[in-house]
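Number of protein chains: 2
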Amino acid sequence: ALANLIDQKLALNNEKQLETFEKDHARLQYYNLQTSSHFFVNCLKSLYNMLGNKEYEKMQRMIIAFSNHLRYVFHDNLQLVSLESELQEVNDYYNIILLDRKSPMILNSQVDYQLNKYPVPSLLIQTFLENTVKYNKQSDNLLIFDIKINPAELEGEPVMQIHLSDNGIGYSPEVLEKLNSSENDLFAKKHVGISNLKHRIALIYKTNYQFAFYNIPSGGACVLIYLPLLEIPDE
Amino acid sequence: ALANLIDQKLALNNEKQLETFEKDHARLQYYNLQTSSHFFVNCLKSLYNMLGNKEYEKMQRMIIAFSNHLRYVFHDNLQLVSLESELQEVNDYYNIILLDRKSPMILNSQVDYQLNKYPVPSLLIQTFLENTVKYNKQSDNLLIFDIKINPAELEGEPVMQIHLSDNGIGYSPEVLEKLNSSENDLFAKKHVGISNLKHRIALIYKTNYQFAFYNIPSGGACVLIYLPLLEIPDE
Chain A
1 ALANLIDQKL ALNNEKQLET FEKDHARLQY YNLQTSSHFF VNCLKSLYNM
51 LGNKEYEKMQ RMIIAFSNHL RYVFHDNLQL VSLESELQEV NDYYNIILLD
101 RKSPMILNSQ VDYQLNKYPV PSLLIQTFLE NTVKYNKQSD NLLIFDIKIN
151 PAELEGEPVM QIHLSDNGIG YSPEVLEKLN SSENDLFAKK HVGISNLKHR
201 IALIYKTNYQ FAFYNIPSGG ACVLIYLPLL EIPDE
Chain B
236 ALANLIDQKL ALNNEKQLET FEKDHARLQY YNLQTSSHFF VNCLKSLYNM
286 LGNKEYEKMQ RMIIAFSNHL RYVFHDNLQL VSLESELQEV NDYYNIILLD
336 RKSPMILNSQ VDYQLNKYPV PSLLIQTFLE NTVKYNKQSD NLLIFDIKIN
386 PAELEGEPVM QIHLSDNGIG YSPEVLEKLN SSENDLFAKK HVGISNLKHR
436 IALIYKTNYQ FAFYNIPSGG ACVLIYLPLL EIPDE
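Protein sequences, first through last, are from chains A and B.
Under the working numbering, read the first sequence as residues 1 to 235, first letter to last.
Under the working numbering, read the second sequence as residues 236 to 470, first letter to last.
None of these hints come from the bench; they were simulated from the model.
Don't take each hint at face value.
Subject to a maximum C-alpha distance of 25 Å in a straight line, what follows is the list of computed DSS-like cross-link-like pairs (lysine-lysine) [claimed, not checked]:
| hint | chain 1 | residue 1 | chain 2 | residue 2 |
| --- | --- | --- | --- | --- |
| 1 | B | Lys293 | B | Lys280 |
| 2 | A | Lys206 | A | Lys16 |
| 3 | A | Lys23 | B | Lys293 |
| 4 | B | Lys251 | A | Lys16 |
| 5 | A | Lys137 | A | Lys58 |
| 6 | B | Lys258 | A | Lys16 |
| 7 | B | Lys244 | A | Lys9 |
| 8 | B | Lys244 | A | Lys45 |
| 9 | A | Lys9 | B | Lys251 |
| 10 | B | Lys280 | A | Lys54 |
| 11 | B | Lys280 | A | Lys23 |
| 12 | A | Lys16 | B | Lys244 |
| 13 | A | Lys54 | B | Lys251 |
| 14 | A | Lys206 | B | Lys244 |
Negatives, chain B to chain A, calculated, CB over 10 Å [as the list claims (entries may be wrong)]:
| hint | residue |
| --- | --- |
| 15 | Lys258 |
| 16 | Tyr265 |
| 17 | Leu282 |
| 18 | Tyr444 |
Just so it is clear, the structure is predicted and the values come from calculations on it, not from any experiment.
Positions of the beta carbon are idealized from the N, C-alpha and C atoms, including for glycine.
Chain A on its own, in the form it takes in the complex (with noise of 0.2 Å):
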C-alpha cells in the first residue's frame, strides 16, 4: 500500500507540473496579447488622426501593416515560423512605427538568404525592435536599428547568429543584470516581451541556445544570440 501511494504520489507531481506549464504557457500567450492590445489602440488612434489630416494613403499602407502585425501576434507563439515571415513581420511592425512617429527611424537588415526558410520563434526580432522603440521616444538622434543574421558555428554545431542593436540609450545596469542572469521573470512589468521570448526559447531549445545582453561603448542596446539550426519543415 505504501508503494502505490508512492507511486500516486509521483504521477499527481507530474500532473501538477504538466498543469503548471499549460498554465504558465496559456497566461504567457493571454499576457503578451494584453501587452499587445495598448499598441492597437495607439494604431487606431493614428489612424484617427490620419483620418483628420486626409492622408489617404498613408492610412492605407498603415492598414495592410496593421493587419498584418494583428494576425502574426495572435500566432501560437511556441509554434515555430521561417526567419522570413519573422523578418516579414518586422518589416510590417517598422512600418506602423514609420507612420506613427514623428522623427524619423533607420531599419538596418543584414540576413545571409541562405536562412531564409529556417525555423525561429516567432517575435525574435520584432521583440527587440518593439523594445528600441519603446526605450528610445525622447531622443532626438536619428534612431537605428541594426540586424545581422548569419550562419555560424557553436561547439562543433552549425547555428544562426542573430545579432541585434540600436543606437540609442541602451539597457540599465539592473535590466542588463536581469536579462543575463539565467532566471527569469515571466511576469515582469518591464521588457515583458524579452522575458517572453528568453522563456519560449527555453521551452524550445532546452539549453543548446545562447543570450548575452550588453551596451555598445558609444551607447545603445545589443543582443547577441545563438540558437541552433533546426531542420527545415516540409512545405
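Put chain B on the given structure of chain A with help from the hints.
Coordinates of chain B only, in the frame set by chain A:
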C-alpha cells in the same frame, strides 16, 4: 509515515486543482481573444474598403467603435463591469456591425435604468448579439435583436432578469440540448462565446443563477438569464 504521505497526497491534489483552474482561466481568456482576432482583422478589412470608397465619415465612426470594443474585450473577463458599460459595449459592437453589414439590423433595448450601476459579467449581452449576427448572415429578413432587462425575484431573492431574443434561424436541437445541460464544453468549436460566458457565470455566482435557452415558435434564438443582484461597488 503513511498518514504523512496521505496528507501530502491531499495537498498535492488541491494544488493540482488550483493549477487546473488557473490554467483553464488563462486558456479561456486566450481562447476568447484568439476568437476575437478574426473579428479585428475583419474590421480592418472593412476600414480598408471604406477608404477605397471614400466613406470617411463612416470610417471615423468605425474607428471609434472598434477602438472601444478592442479595449473592452482585453479586460480581465472574470472582473465584473456595470450593466451600463456592458450596454455601451453592445452599442459599440452594434455600430461596427451596422457599418459592416450589407443589410441593416435593428437593436431594441428596454432596460430598467435603476439597474444601470449593478455589476454583471463582461460580454453578458454582447456574446448573444455576436451570435445572432454570426449565425444569421444569409437571412434576407430584417434582423432584430431584442434586449429586455428588469429587476425580478427568484425564490424570494432579488435578481436581474435578462431576456435576449432575435428573429433569426434559432438554435439547432443539438445545440439547444448542449446549452441547457449543466455540462459545459469549455473548448467547443461552436458557440464558444456562450460556453465561455456560462463557465464564467458559474465561477462568479456559484449556484445562485439560472439560464434557459429556447427558440421562439415563430423562429429566433432566445435566452433567459437570472443573476443575483450583487452590491454596487463604491465609486
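Consistency of the hints with the structure:
no.: 1; hint: B/Lys293 / B/Lys280; in the structure: holds (14 Å)
no.: 2; hint: A/Lys206 / A/Lys16; in the structure: holds (20 Å)
no.: 3; hint: A/Lys23 / B/Lys293; in the structure: violated (42 Å)
no.: 4; hint: B/Lys251 / A/Lys16; in the structure: holds (5 Å)
no.: 5; hint: A/Lys137 / A/Lys58; in the structure: holds (21 Å)
no.: 6; hint: B/Lys258 / A/Lys16; in the structure: holds (11 Å)
no.: 7; hint: B/Lys244 / A/Lys9; in the structure: holds (6 Å)
no.: 8; hint: B/Lys244 / A/Lys45; in the structure: violated (53 Å)
no.: 9; hint: A/Lys9 / B/Lys251; in the structure: holds (12 Å)
no.: 10; hint: B/Lys280 / A/Lys54; in the structure: holds (19 Å)
no.: 11; hint: B/Lys280 / A/Lys23; in the structure: violated (33 Å)
no.: 12; hint: A/Lys16 / B/Lys244; in the structure: holds (12 Å)
no.: 13; hint: A/Lys54 / B/Lys251; in the structure: violated (56 Å)
no.: 14; hint: A/Lys206 / B/Lys244; in the structure: violated (30 Å)
no.: 15; hint: Lys258; in the structure: violated (4 Å)
no.: 16; hint: Tyr265; in the structure: violated (4 Å)
no.: 17; hint: Leu282; in the structure: violated (6 Å)
no.: 18; hint: Tyr444; in the structure: holds (26 Å)
The earlier numbered hints that this structure contradicts are 3, 8, 11, 13, 14, 15, 16, 17.
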